[in-house]
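S.K.: Chain residues, written in single-letter form:
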Amino acid sequence: MKEIEISAKTIEEAVHRALEHFGVDHDQVEIVILKKGKSGILGFGSEEVRIKARLLTEMQPKADVAKVAQEVLENLLKLMGVSAEVEASKGEVPVLLNIKGDDSGILIGRRGQTLACLQYVVRLVVSEKLKAWLPLTVDVAEYKKKRQGALRSLALRLAERVKASRRPITLEPMLADERRIVHLALVNHPDVTTQSTGEGDQRKVIILLRKR
Amino acid sequence: MKELIEYIAKSIVTTPEGVKVTEEAGERGLVVLRLEVAPEDKGRVIGRQGRVAEAMRTLLRVAATKEGTRVRLEIM
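Protein chains in written order, with this note's numbering: chain Z, 1 to 212; chain L, 1001 to 1076.
Honestly, the hints are just simulated from the structure, not real lab data.
Among these hints, one or two may not hold up.
[Said to hold, decoys possible] Below, simulated SDA-like cross-link-like pairs (lysine to any residue); rule was C-alpha separation at most 20 Å, straight line: (1) Z:Lys-146 to Z:Leu-96; (2) Z:Lys-129 to L:Ile-1046; (3) Z:Lys-9 to Z:Ile-33; (4) Z:Lys-145 to Z:Thr-114; (5) Z:Lys-131 to L:Thr-1015; (6) L:Lys-1066 to L:Val-1032; (7) Z:Lys-129 to Z:Asp-25; (8) L:Lys-1002 to Z:Ser-83; (9) Z:Lys-100 to L:Lys-1066; (10) Z:Lys-204 to Z:Glu-13; (11) L:Lys-1066 to Z:Gly-101; (12) L:Lys-1010 to Z:Val-68; (13) L:Lys-1042 to Z:Arg-123; (14) Z:Lys-78 to L:Arg-1061; (15) Z:Lys-67 to Z:Lys-100; (16) Z:Lys-131 to L:Arg-1044; (17) Z:Lys-9 to Z:Leu-208; (18) Z:Lys-78 to L:Glu-1067.
Construct all of the structure, not just a fragment, from the sequences and the given hints.
M.R.: What follows is the structure in structure tokens.
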């Protein structure tokens, strides 16, 4: 059973961070409020909210998930008029589908938004077919894999800068999966911590000095 | 493009027989797709904060780009 405890200023913020930590939607976690927190007066006597988030479905790979997901993705691509090949990883959790072909650019879209939508639709259709929520990743020409490496080193570089300047740095708006990579890259960093702000597609990560 | 929406919609609703997609030519090469589903399935094709509808529109845009047209999806 996967669980995490999170403290934050508001319940909303704490829940957001829990969802980003697991990289899932609201309906896949159970939230328990451990401490309600106080807003205090002018910041004095305020207490942080503490919640516990539990991942509802255990991530179990079933033999046919990769096969079903591959079929769904191939169908979608064919109906979109895109000629591409789909490679599915076997026995890995989450199942990884990588698309190879000439249309990589339009499948990724601006800031990977099209790719995110494609993954969302594949997940939706596959979960409906197999009647279970299943984690899976759709990638195009290993775009996400490369991006993950780039984001990790960016996060570490910026963390050093925050440490040196003692000032927070706000990153560009990013998709949930990408924010998650940044949060996870710095989760055990001794000097800095991370937060998210903004709504919808304007949501971004802030790297700030860890309070002593 | 019509088949793409039909495929996605039929895969995620509870009453696939209730899914109907009509295609209509609009002005200046614009294609208008109208998606109809059973009333109880409407939430499924729209999604929380329109997320499913947005994803369908995004994929539709790729299909339209490949065909060299423009497309609009209306959910009835």
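S.K.: Going through the numbered hints above, which ones does this structure break? Give me the numbers in ascending order.
M.R.: none
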